[in-house]
Amino acid sequence: MTDPVLLRLLLGTGGVLLVSTFAGAWLRRRFSADGTNAAVENFNTRVSAWWVMVIFVGAAFLLGRTTLILLFALISFSALREFLTLTSKARGDHLALAAAFFIVLPLQYWLVGINWYGLFTILIPVYAFLFLPVVSALSGAPRNFLTRVSETQWGLMVCVYAVSHVPALMELQIPGYEGRGLRLIAWFLIVAQASDELHYVWGRFLGTHLIAPSISRSKSWEGLAGSLVSAGLIGALLYEITPFNPWQAGAMALVVALMGFFGGIVMSAIKRDRGVKDWGHMIAGHGGFLDRLDSVVFAAPVFFHLTRYFWSSV
Amino acid sequence: MSATFRSGLTAFSARIARRVIVLFAWIVTAPRSFWNGVAPLAVPRVYFANHTSNGDFVLLWAALPVALRDRTRPVAAADYWLTSGLRSFIGRDVFNAVLIDRRPDHRENDPVTQMVVALDAGASLILFPEGRRNAGDAPLLPFKTGLYHLSRQRPEVDLVPVWISNLNNVLPRGHVIPVPLMCSLTFGAPIRVGADEPKEAFLARAEAVLFGLAAPRSAEVAAE
Numbered sequence: 001m002t003d004p005v006l007l008r009l010l011l012g013t014g015g016v017l018l019v020s021t022f023a024g025a026w027l028r029r030r031f032s033a034d035g036t037n038a039a040v041e042n043f044n045t046r047v048s049a050w051w052v053m054v055i056f057v058g059a060a061f062l063l064g065r066t067t068l069i070l071l072f073a074l075i076s077f078s079a080l081r082e083f084l085t086l087t088s089k090a091r092g093d094h095l096a097l098a099a100a101f102f103i104v105l106p107l108q109y110w111l112v113g114i115n116w117y118g119l120f121t122i123l124i125p126v127y128a129f130l131f132l133p134v135v136s137a138l139s140g141a142p143r144n145f146l147t148r149v150s151e152t153q154w155g156l157m158v159c160v161y162a163v164s165h166v167p168a169l170m171e172l173q174i175p176g177y178e179g180r181g182l183r184l185i186a187w188f189l190i191v192a193q194a195s196d197e198l199h200y201v202w203g204r205f206l207g208t209h210l211i212a213p214s215i216s217r218s219k220s221w222e223g224l225a226g227s228l229v230s231a232g233l234i235g236a237l238l239y240e241i242t243p244f245n246p247w248q249a250g251a252m253a254l255v256v257a258l259m260g261f262f263g264g265i266v267m268s269a270i271k272r273d274r275g276v277k278d279w280g281h282m283i284a285g286h287g288g289f290l291d292r293l294d295s296v297v298f299a300a301p302v303f304f305h306l307t308r309y310f311w312s313s314v
Numbered sequence: 315m316s317a318t319f320r321s322g323l324t325a326f327s328a329r330i331a332r333r334v335i336v337l338f339a340w341i342v343t344a345p346r347s348f349w350n351g352v353a354p355l356a357v358p359r360v361y362f363a364n365h366t367s368n369g370d371f372v373l374l375w376a377a378l379p380v381a382l383r384d385r386t387r388p389v390a391a392a393d394y395w396l397t398s399g400l401r402s403f404i405g406r407d408v409f410n411a412v413l414i415d416r417r418p419d420h421r422e423n424d425p426v427t428q429m430v431v432a433l434d435a436g437a438s439l440i441l442f443p444e445g446r447r448n449a450g451d452a453p454l455l456p457f458k459t460g461l462y463h464l465s466r467q468r469p470e471v472d473l474v475p476v477w478i479s480n481l482n483n484v485l486p487r488g489h490v491i492p493v494p495l496m497c498s499l500t501f502g503a504p505i506r507v508g509a510d511e512p513k514e515a516f517l518a519r520a521e522a523v524l525f526g527l528a529a530p531r532s533a534e535v536a537a538e
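Taken in sequence, the protein lines are chains A and B. Residue 182 in our numbering sits at position 182 of the first sequence, and the numbers go up by one each step. Each position in the second sequence, counted from 1, maps to that position plus 314 in our numbering.
It is possible that some hints are incorrect.
[As the list claims (entries may be wrong)] Computed spacing ranges between beta-carbons, pair by pair:
| id | chain 1 | residue 1 | chain 2 | residue 2 | range |
| --- | --- | --- | --- | --- | --- |
| 1 | B | Thr459 | A | Met53 | 48 to 58 Å |
| 2 | B | Ala528 | A | Glu240 | 48 to 58 Å |
| 3 | B | Ser316 | A | Ala141 | 52 to 62 Å |
| 4 | B | Ile330 | A | Ile55 | 22 to 32 Å |
| 5 | A | Gly35 | B | Ala381 | 21 to 31 Å |
Calculated directly from the structure, the hints in this document are not laboratory data. Quick caveat: nothing in here was measured; it's all calculated off a predicted structure. No residue lacks a Cβ here, since even glycine has one placed at the ideal position from N, Cα and C.
Work out the full structure: start from the sequences and follow the hints.
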């Protein structure tokens, strides 16, 4: 019952990774025979981690809707664990933080599962926003209160609310595209991640003008231009798996890549402020889950709403 | 049920429980270990760490590489861990803890002797020399003397300082639900008691070495 298009996409992604793996092996033989060229070693570590990520996400796609929702709930969990490690908190916030992890997060993904759009869009921006500070206030510790509750809310918005828009894409009712929501998610993830990695690649070869040097040393105007053009092309080439025509697919891919760039720069600003290089360490060569996710986080809600407004029937 | 069957069943459940506890510790804290000036070797040694949470010894134990973990026994209070069936199963069967009695007037065995016996049998130990959980604002409480006496009796055994950071936010005193946050453990260069080092000097040195590992690791914040 597996969608043959998804299988082909997975094989195609595997092919890209295979080429990258061979390229990495060649680079290592040529430039880093003793394993001391940091750029080559980092490239190889990143490719290895990509194999693991593609196998996990690919397996979830093949297993279907519920597994994919669960996978993104787990990704949200790991991201929130990274984010809240770096935020301000006091002992009195313990119950509010536990509620964020064990009540708000599962509830948000349950709403995706039962397709209750009305509550899905307001659970965190309205109800978590109102009630988690109440829990913290009742414990009676006023010191840095506004900072603490704001940072917790930011963590929920970024790691749970925004990320949950990815699996929610498959609930959109698009005429003529029924039952193919998984393809739209695959397209979105491929475009978002490719634009992020290609920014890195283009920047590495051509990047000379940094966009915000005090925030990120790897975001350059050349990288951004290269990433927008190549993401637009990839998105347009894959238009057949979307409800869009080639031009629309290219334009949507541009939006996704631009939002991804915005996400990267905002999340980098937070890291610089907190004095860390990466959000975590679980994904070798990449850092934490949030380091891989920052582009997805900002692109997902915008892509979701554009698709819903212009293509969906409800 | 025969006695052998019972003990076999207990050992089996203890093995399962160990796996579950390690998995749980990893899900909640995604622990990251830094071995600075000491290598993760499976030789008898004493890990001594700061104590801010009930989860401390579980996290330290779970964060060790499996070859080290299997031979490492926490030193824990018998008057806590033997008070109920479940606690005794966790303390004795799951963690194989060296259970010492903190009340001098009650105890039959000398705690230091118990620890020496365990070390001689090839085990490593996890020790919290502050003696009790630190719930205050001071980063470290003054050490009890056990670490000194132990090192006097086995001066050739390395004492490895381990700074556990952030676990007090995961599971503060008085709470039972942990909040998932990332924790790190910094293992430092081992120390041993000097031939004629006075007790106070040694304990002050041990405290300083352990606290020295607590420095925020903002040094690694280079450009991306």
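Against the structure, the hints come out as follows:
1. B:Thr459 - A:Met53: 48 to 58 Å: holds, 51 Å
2. B:Ala528 - A:Glu240: 48 to 58 Å: Check passed, 57 Å falls within 48 to 58 Å.
3. B:Ser316 - A:Ala141: 52 to 62 Å: holds, 56 Å
4. B:Ile330 - A:Ile55: 22 to 32 Å: holds, 28 Å
5. A:Gly35 - B:Ala381: 21 to 31 Å: holds, 25 Å
The earlier numbered hints are all upheld by this structure, with none contradicted.
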